[in-house]
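Number of protein chains: 2
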Amino acid sequence: MTEKLSDTGRKTMLEPLLQNGWSLDETRDAISKEFVFADFVTAFGFMTRAAIWAEKWDHHPEWSNVYKTVNVTLTTHDVEGLSALDVKLARKMDQIAG
Amino acid sequence: MTEKLSDTGRKTMLEPLLQNGWSLDETRDAISKEFVFADFVTAFGFMTRAAIWAEKWDHHPEWSNVYKTVNVTLTTHDVEGLSALDVKLARKMDQIAG
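Chains as they are written, first to last, in the working numbering: chain A, 1272 to 1369; chain B, 1272 to 1369.
Derived from the structure by calculation, the hints contain no laboratory data.
Careful: at least some of the hints might be erroneous.
Identical copies look the same in the list; a pair holds intra-copy or inter-copy alike.
[Said to hold, decoys possible] With a straight-line Cα cutoff of 16 Å, these simulated EDC-like cross-link-like pairs (lysine to aspartate or glutamate) come out: (1) K1282 <-> D1300; (2) K1363 <-> D1329; (3) K1304 <-> E1286; (4) K1339 <-> E1326; (5) K1339 <-> D1310; (6) K1275 <-> E1351; (7) K1339 <-> D1329; (8) K1304 <-> E1351; (9) K1282 <-> E1326; (10) K1359 <-> E1326; (11) K1327 <-> D1310; (12) K1275 <-> D1310; (13) K1339 <-> E1351.
Looking at chain A on its own, in the form it has when it is part of the complex (with noise of 0.2 Å):
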């Protein structure tokens, strides 16, 4: 089951998105990232990877894109906040953007 981060989950996990350009929004409780791409084919196809993921794991961002720019946050509403799905999302999000 899905549960908030604790407190070694957030120091663990949690500390190296934020040294990785994500960053925490302490009022709702989530964690936002702008990647910004060479083209607009590159920032949508990063989109279509990280959307595969994002169904494959039924945990979805909330996201915006304007040509080659892609505005991400991400948090777990069941908790009411940030969880290891998040964290996970995020990874993959970076790992793809590369």
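The hints should help you fit chain B onto chain A, whose structure is shown.
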């Protein structure tokens, strides 16, 4: 060359869109619409099809997605307002969303 919609163009081309769920943001001369689908796969499928047309026509939307909802805003930066390209893409999106 892309030109801003004329008064006639607004009447003949924009009006039907406004009667089909699009709304006009007069402050920046843009049109917006919220599309709601059955699920994430259908919503992202819509985005994928629209993305290919957008790239083909070299005219890209500002859009966001949260699960089954897609919010789209169209405007033409080159003319600082609405052009026939926005009408063309809006119609295509309506057709795809079907």
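Exercise. Against the structure shown, which of the earlier numbered hints fail to hold, in ascending order?
Worked result: 8, 9, 12 and 13
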